[in-house]
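Q: Full structure from sequences and hints, please.
Protein chains in written order, with my numbering: chain B, 73 to 439; chain X, 73 to 439.
For the record, the hints were derived by calculation from the structure and aren't laboratory data.
Values in this document were obtained by computation on a predicted structure and should not be read as measured data.
Just to be clear, a hint being listed does not mean it is correct.
For chains that are exact copies, the list does not tell them apart, and a pair is met inside one copy or across any two.
To be verified - Below 25 Å or equal to it, Euclidean Cα-Cα: the simulated DMTMM-like pairs (lysine to aspartate or glutamate) are: (1) Lys315 to Glu124; (2) Lys400 to Glu124; (3) Lys113 to Asp336; (4) Lys113 to Glu124; (5) Lys315 to Glu91; (6) Lys315 to Asp410.
Number of protein chains: 2
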Amino acid sequence: MPAQPRPNIQSLSAYTPGEQPAGQPVTKLNTNESPYPVSPKALQALHETAAESLRVYPPPLAQPFRAAAAEVHAVRPEQVIATNGGDELLRLLITCYCTPGVPAGPGGLGVTVPSYSLYPVLAAIHDTPVCAVRRDDAFGLPEDLAERWNDAGCTLAMLVNPHAPTGRCETLDTLRKLADAFNGLLMIDEAYVDFAEQDALPLVREGLCNVLLLRSMSKGYGLAGLRFGYGIGPAHVLAALDKARDSYNTDIVSQRVATAALRDQAYARGVWQKVIEARSGLTAALLERGFAVLDSQTNFVLATPPEAERTAASADKPRAEAIYRALKDRRILVRYFDHPRLDDKLRITVGTPEQNALLLDALDELL
Amino acid sequence: MPAQPRPNIQSLSAYTPGEQPAGQPVTKLNTNESPYPVSPKALQALHETAAESLRVYPPPLAQPFRAAAAEVHAVRPEQVIATNGGDELLRLLITCYCTPGVPAGPGGLGVTVPSYSLYPVLAAIHDTPVCAVRRDDAFGLPEDLAERWNDAGCTLAMLVNPHAPTGRCETLDTLRKLADAFNGLLMIDEAYVDFAEQDALPLVREGLCNVLLLRSMSKGYGLAGLRFGYGIGPAHVLAALDKARDSYNTDIVSQRVATAALRDQAYARGVWQKVIEARSGLTAALLERGFAVLDSQTNFVLATPPEAERTAASADKPRAEAIYRALKDRRILVRYFDHPRLDDKLRITVGTPEQNALLLDALDELL
Numbered sequence: 073m074p075a076q077p078r079p080n081i082q083s084l085s086a087y088t089p090g091e092q093p094a095g096q097p098v099t100k101l102n103t104n105e106s107p108y109p110v111s112p113k114a115l116q117a118l119h120e121t122a123a124e125s126l127r128v129y130p131p132p133l134a135q136p137f138r139a140a141a142a143e144v145h146a147v148r149p150e151q152v153i154a155t156n157g158g159d160e161l162l163r164l165l166i167t168c169y170c171t172p173g174v175p176a177g178p179g180g181l182g183v184t185v186p187s188y189s190l191y192p193v194l195a196a197i198h199d200t201p202v203c204a205v206r207r208d209d210a211f212g213l214p215e216d217l218a219e220r221w222n223d224a225g226c227t228l229a230m231l232v233n234p235h236a237p238t239g240r241c242e243t244l245d246t247l248r249k250l251a252d253a254f255n256g257l258l259m260i261d262e263a264y265v266d267f268a269e270q271d272a273l274p275l276v277r278e279g280l281c282n283v284l285l286l287r288s289m290s291k292g293y294g295l296a297g298l299r300f301g302y303g304i305g306p307a308h309v310l311a312a313l314d315k316a317r318d319s320y321n322t323d324i325v326s327q328r329v330a331t332a333a334l335r336d337q338a339y340a341r342g343v344w345q346k347v348i349e350a351r352s353g354l355t356a357a358l359l360e361r362g363f364a365v366l367d368s369q370t371n372f373v374l375a376t377p378p379e380a381e382r383t384a385a386s387a388d389k390p391r392a393e394a395i396y397r398a399l400k401d402r403r404i405l406v407r408y409f410d411h412p413r414l415d416d417k418l419r420i421t422v423g424t425p426e427q428n429a430l431l432l433d434a435l436d437e438l439l
Numbered sequence: 073m074p075a076q077p078r079p080n081i082q083s084l085s086a087y088t089p090g091e092q093p094a095g096q097p098v099t100k101l102n103t104n105e106s107p108y109p110v111s112p113k114a115l116q117a118l119h120e121t122a123a124e125s126l127r128v129y130p131p132p133l134a135q136p137f138r139a140a141a142a143e144v145h146a147v148r149p150e151q152v153i154a155t156n157g158g159d160e161l162l163r164l165l166i167t168c169y170c171t172p173g174v175p176a177g178p179g180g181l182g183v184t185v186p187s188y189s190l191y192p193v194l195a196a197i198h199d200t201p202v203c204a205v206r207r208d209d210a211f212g213l214p215e216d217l218a219e220r221w222n223d224a225g226c227t228l229a230m231l232v233n234p235h236a237p238t239g240r241c242e243t244l245d246t247l248r249k250l251a252d253a254f255n256g257l258l259m260i261d262e263a264y265v266d267f268a269e270q271d272a273l274p275l276v277r278e279g280l281c282n283v284l285l286l287r288s289m290s291k292g293y294g295l296a297g298l299r300f301g302y303g304i305g306p307a308h309v310l311a312a313l314d315k316a317r318d319s320y321n322t323d324i325v326s327q328r329v330a331t332a333a334l335r336d337q338a339y340a341r342g343v344w345q346k347v348i349e350a351r352s353g354l355t356a357a358l359l360e361r362g363f364a365v366l367d368s369q370t371n372f373v374l375a376t377p378p379e380a381e382r383t384a385a386s387a388d389k390p391r392a393e394a395i396y397r398a399l400k401d402r403r404i405l406v407r408y409f410d411h412p413r414l415d416d417k418l419r420i421t422v423g424t425p426e427q428n429a430l431l432l433d434a435l436d437e438l439l
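A: Following this line, the structure appears as structure tokens:
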């Protein structure tokens with residue numbers, strides 16, 4: 073009898089990342105990567121890395137990155153933690169703030185549905201209960217969200233804002249009220265905030281003691297391949313996370329490249345502006361073609377195919393899935409979710425104007 | 073009242089990494105880094121990384137690295153897992169195989185003492201009990217080690233071999249008997265195996281279903297800054313770890329550099345040979361000076377200062393600590409452990425012949 077993993081790991085359905093095709097080129101509008109490359113200054117930092125800096129252990133606290141992020145976001149360095157992708161920050165929060173080994177009861181994780189599907193997977197790995205509250209019909213937050221998390225005994229909640237996969241963004245006032253009413257730690261996942269009109273930084277600067285923001289270099293900085301994320305929040309929370317993270321959780325190359333990319337705000341802002349303009353163009357073009365498109369503050373749009381197309385669907389498959397497959401045959405990848413409230417919709421990453429035109433041409437052929 | 077982390081995190085004493093001095097140059101013989109740079113081919117892989125490969129998510133399974141490791145070690149690719157440093161592999165093993173939230177009882181972690189001090193810290197983060205068995209007077213394994221781990225209900229054990237901080241290496245036969253007698257999963261931490269006369273790969277190739285090896289690129293490949301480790305073991309164990317790891321746990325740059333470094337075995341073996349020769353020289357020179365030095369199969373030696381020097385120690389401080397401090401004043405770093413069985417010893421990383429000569433000159437001045 074070989075040694076067996078814990079029962080919760082044995083029964084776990086692992087998170088499924090979006091398709092990352094190898095081989096032949098595709099128009100890749102499925103995993104919300106930036107359509108533009110990283111800042112040339114960051115690439116230079118990569119190429120200037122010497123063997124000597126690879127030879128020795130990296131700064132364990134990633135101090136140069138923390139200093140840069142503190143400067144860019146007007147917070148203190150002890151309010152920043154660097155992580156191996158945003159996913160590590162999510163895991164660390166669950167490790168530190170949720171109770172393991174309990175099927176139900178206090179110490180669990182609060183989420184909303186639909187949302188980033190990794191949250192409940194991380195909770196299952198930790199063996200902690202999840203309180204999943206349904207978003208309203210417009211994918212907004214229910215009035216009693218904090219109350220329901222509190223009633224379930226949640227000590228941590230994860231809220232992606234701007235929201236994935238709809239692109240919707242809550243107001244600062246809504247977020248502040250939620251944080252005030254929630255008894256636990258509220259993590260606001262701002263992976264897409266670079267493309268939004270506002271962020272939740274004022275809540276951290278105001279000194280709210282139970283709000284932590286997650287930021288990612290994957291979307292806004294063209295660095296999905298590098299795995300670098302960070303948290304901004306109260307120093308007492310970051311001190312706990314620092315105890316629980318792997319001692320050298322970020323490597324020297326990532327630290328250097330991420331620091332250079334973050335410091336080049338002028339370049340990053342130029343990219344975000346181009347994506348925002350392309351998003352307007354793509355949204356208008358989809359609306360013209362009869363799609364319903366939610367107003368997005370991210371680098372993707374959630375689009376429902378035209379009614380006529382949906383009623384023409386075969387009995388067993390939603391029309392959105394058929395379009396997803398037909399686009400894939402044409403070497404264009406978008407995201408389709410086999411989820412009750414999303415199975416008539418496509419999530420389309422905003423590409424360059426040229427990529428978006430390719431997609432629209434393909435849709436014109438299909439519909 | 074701000075949200076509080078779990079009690080075990082609140083009371084945790086975090087792992088303390090070795091000193092990583094910034095600023096002025098030092099002779100750094102304290103954290104077992106390679107004294108030689110990474111293979112030029114690996115550096116070339118770093119410098120050839122294009123913005124386009126940073127822009128998109130990396131291969132989530134690090135398939136190119138797994139294929140390279142399988143080839144180098146004559147195992148199958150599904151017997152290899154790539155991790156963000158060896159430390160991530162340790163954490164994943166505890167996540168998957170130990171029971172959290174129990175102060176004592178079944179599901180805990182077996183270790184030996186002294187050993188790598190991170191093991192019990194990771195267990196404390198997971199809130200799982202530790203059964204720490206004292207090594208014998210020669211720092212060897214007690215006859216009843218497996219029995220004691222079994223009696224304590226350990227489902228996982230971590231054994232660093234060659235051993236840190238003594239450099240001692242157990243025979244394959246001893247390891248096989250231990251694995252056979254232990255009811256749980258035995259992780260053999262081979263972070264230092266590149267400098268040893270044998271490794272435990274035959275146990276994996278023989279198909280032992282409860283043995284997993286940890287390998288690191290930090291020591292033998294000049295890549296401590298990169299954070300890249302890997303596991304070699306039964307496919308059923310790796311399948312569990314794959315479910316629990318962060319989806320994109322290793323980044324594209326690390327994957328490329330580590331793959332190139334591993335594939336350049338000729339270069340790596342040249343480095344190991346130089347380190348082994350320098351180790352012989354350093355050991356002989358320390359013995360000449362009256363130190364007691366354990367026979368080492370790693371890239372460090374554990375040395376006890378001459379008896380005369382020890383009896384000359386002040387009442388409150390062991391002589392080893394005084395030497396450590398005096399060397400530090402001379403900008404030479406070695407490692408001193410404030411631990412009952414080690415506080416009369418220094419752990420000295422084998423440097424280049426030039427670095428070792430600097431150390432010996434300083435000792436001649438001091439003693």
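Q: For every hint, state whether the structure bears it out.
A: Now for the hints, and whether the structure bears them out:
1. With identical chains, the CA atoms of Lys315 and Glu124 are never at most 25 Å apart, being 28 Å at best within one copy and 35 Å at best between copies.
2. Taking identical chains as interchangeable, the C-alpha atoms of Lys400 and Glu124 lie at most 25 Å apart only when they sit on different chains, with a minimum of 21 Å there against 45 Å within one chain.
3. Within a single copy, Lys113 and Asp336 get their C-alpha atoms as close as 7 Å, which meets the 25 Å cut-off; across copies the closest is 30 Å, which misses it.
4. When the C-alpha separation of Lys113 and Glu124 is checked against a cutoff of 25 Å, the pair qualifies both within a copy, at 21 Å, and between copies, at 15 Å.
5. In the homo-oligomer, the alpha carbons of Lys315 and Glu91 lie at most 25 Å apart only across protomers (17 Å), although the nearest pairing inside one protomer, at 34 Å, exceeds that limit.
6. In the homo-oligomer, the alpha carbons of Lys315 and Asp410 lie at most 25 Å apart only across protomers (21 Å), although the nearest pairing inside one protomer, at 38 Å, exceeds that limit.
Comparing the model with each numbered hint stated earlier shows that hint 1 is the single one that does not hold.
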